[in-house]
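Take these sequences, add in the hints, and give me the full structure.
Residue numbers (this note's numbering), protein chains in the order written: chain A, 1 to 117; chain B, 118 to 229.
The hints are simulated quantities; they were obtained by calculation from the structure and are not laboratory data. Certain hints may be false.
To be verified - Computed cross-link-like contacts, DMTMM-like style, restricted to lysine to aspartate or glutamate with a CA-CA straight-line distance of at most 25 Å:
{"hint": "1", "chain 1": "B", "residue 1": "K175", "chain 2": "A", "residue 2": "E86"}
{"hint": "2", "chain 1": "B", "residue 1": "K216", "chain 2": "A", "residue 2": "E58"}
{"hint": "3", "chain 1": "B", "residue 1": "K185", "chain 2": "A", "residue 2": "D64"}
{"hint": "4", "chain 1": "B", "residue 1": "K228", "chain 2": "B", "residue 2": "E181"}
{"hint": "5", "chain 1": "A", "residue 1": "K65", "chain 2": "A", "residue 2": "E54"}
{"hint": "6", "chain 1": "B", "residue 1": "K228", "chain 2": "A", "residue 2": "E58"}
{"hint": "7", "chain 1": "A", "residue 1": "K65", "chain 2": "A", "residue 2": "E86"}
{"hint": "8", "chain 1": "A", "residue 1": "K65", "chain 2": "A", "residue 2": "D87"}
{"hint": "9", "chain 1": "A", "residue 1": "K7", "chain 2": "A", "residue 2": "E110"}
{"hint": "10", "chain 1": "B", "residue 1": "K166", "chain 2": "A", "residue 2": "E110"}
{"hint": "11", "chain 1": "A", "residue 1": "K7", "chain 2": "A", "residue 2": "E86"}
{"hint": "12", "chain 1": "B", "residue 1": "K166", "chain 2": "A", "residue 2": "E96"}
{"hint": "13", "chain 1": "B", "residue 1": "K175", "chain 2": "A", "residue 2": "D87"}
{"hint": "14", "chain 1": "A", "residue 1": "K7", "chain 2": "B", "residue 2": "E205"}
{"hint": "15", "chain 1": "B", "residue 1": "K216", "chain 2": "A", "residue 2": "D11"}
{"hint": "16", "chain 1": "B", "residue 1": "K166", "chain 2": "A", "residue 2": "E54"}
{"hint": "17", "chain 1": "B", "residue 1": "K216", "chain 2": "A", "residue 2": "E110"}
{"hint": "18", "chain 1": "B", "residue 1": "K216", "chain 2": "A", "residue 2": "D64"}
The chain contents come next:
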Amino acid sequence: SAVISQKPSRDICQRGTSLTIQCQVDSQVTMMFWYRQQPGQSLTLIATANQGSEATYESGFVIDKFPISRPNLTFSTLTVSNMSPEDSSIYLCSVELRGLANTGELFFGEGSRLTVL
Amino acid sequence: AQSVTQLGSHVSVSEGALVLLRCNYSSSVPPYLFWYVQYPNQGLQLLLKYTSAATLVKGINGFEAEFKKSETSFHLTKPSAHMSDAAEYFCAVSAGGFKTIFGAGTRLFVKA
Chain A
1 SAVISQKPSR DICQRGTSLT IQCQVDSQVT MMFWYRQQPG QSLTLIATAN
51 QGSEATYESG FVIDKFPISR PNLTFSTLTV SNMSPEDSSI YLCSVELRGL
101 ANTGELFFGE GSRLTVL
Chain B
118 AQSVTQLGSH VSVSEGALVL LRCNYSSSVP PYLFWYVQYP NQGLQLLLKY
168 TSAATLVKGI NGFEAEFKKS ETSFHLTKPS AHMSDAAEYF CAVSAGGFKT
218 IFGAGTRLFV KA
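As structure tokens, then:
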């Protein structure tokens, strides 16, 4: 299993500002994922972050809005840039542990709840 | 391509009653199937998973799910609901190296 710590757990931000969310994993992992969960909705994958390469963004998400860093195998950051009220969501960091039994099981951090005023 | 459909955005049961949360999937290759639970103000936690072994899968907290290929279903059950089971439940599918797809979620309410 993996233990994932996210910071901040919640924040209230002003329109037009940016916020960086940090994700720390207690073991080395290849693949890290950033999800968005809008109020009352399911999870939407923003991007996949692999160490040593550029993040891969899903349709509807762009690097200028959601820049991601992945400096090593245990850490990643997601920045939400130029925020608007529509960015108010829970942002979740997730990892997949790959080994002999690669079943795609995901482990999640507790999420960062952002409110944009 | 893969997809997941959860039937019922809200399910309400009495404490001690059977819990049944429905999930149907679509996948072009043999899938891995998951149920995750999200308690208030927390991230998601794996309840159980199907990975092509036994079709009846037992998970944590007394939950189980049965993979039925003919019905493309993976419904989640628990014989007796407890107040602490109140949460959001997500069915998810992963297959062939593709990214995990989550269902819309079902919020379970447990009445005393």
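Hints, one by one, checked against the model:
With a C-alpha separation of about 39 Å, the suggested pairing of K175(B) with E86(A) is violated against the 25 Å cut-off. With a CA separation close to 10 Å, the supplied pair K216(B) and E58(A) stays within the 25 Å bound. Simply put, K185(B) and D64(A) have alpha-carbon atoms about 43 Å apart, too far for the 25 Å limit, and the pair is violated. A hinted pair counts as satisfied when its Cα atoms are at most 25 Å apart, and K228(B) with E181(B) qualifies at roughly 21 Å.
Of the pairs offered as hints, the one joining K65(A) and E54(A) holds, with about 15 Å between alpha carbons and a cut-off of 25 Å not exceeded. A C-alpha spacing of about 39 Å is found between K228(B) and E58(A), which places the hinted pair above 25 Å, so the restraint is violated. About 13 Å separates the Cα atoms of K65(A) and E86(A), which keeps this hinted pair within 25 Å; it holds. Between the alpha carbons of K65(A) and D87(A) the distance comes to roughly 10 Å, so the proposed pair stays at or under 25 Å and holds.
Taken as a hint, the K7(A) and E110(A) pair is honoured in the structure, with Cα atoms around 9 Å apart against an allowance of 25 Å. For the proposed pair K166(B) and E110(A), the alpha carbon gap of about 20 Å is at most 25 Å, so the pair holds. With a CA separation close to 21 Å, the supplied pair K7(A) and E86(A) stays within the 25 Å bound. Restraint check: the Cα-Cα separation between K166(B) and E96(A) comes to about 14 Å, which is no more than 25 Å; the hinted pair holds.
For the proposed pair K175(B) and D87(A), the alpha carbon gap of about 37 Å is over 25 Å, so the pair is violated. Proposed proximity of K7(A) and E205(B) is supported: the alpha carbons are some 23 Å apart, at most 25 Å. Our distance criterion of 25 Å between C-alpha atoms is broken by K216(B) and D11(A), whose separation comes to about 29 Å. Annotation: proposed proximity of K166(B) to E54(A) is violated, straight-line Cα distance about 30 Å (limit 25 Å).
With a C-alpha separation of about 20 Å, the suggested pair K216(B) and E110(A) falls inside the 25 Å cut-off, and the hint holds. Taking the CA atoms of K216(B) and D64(A), the gap is about 23 Å. The hint holds against a cut of 25 Å.
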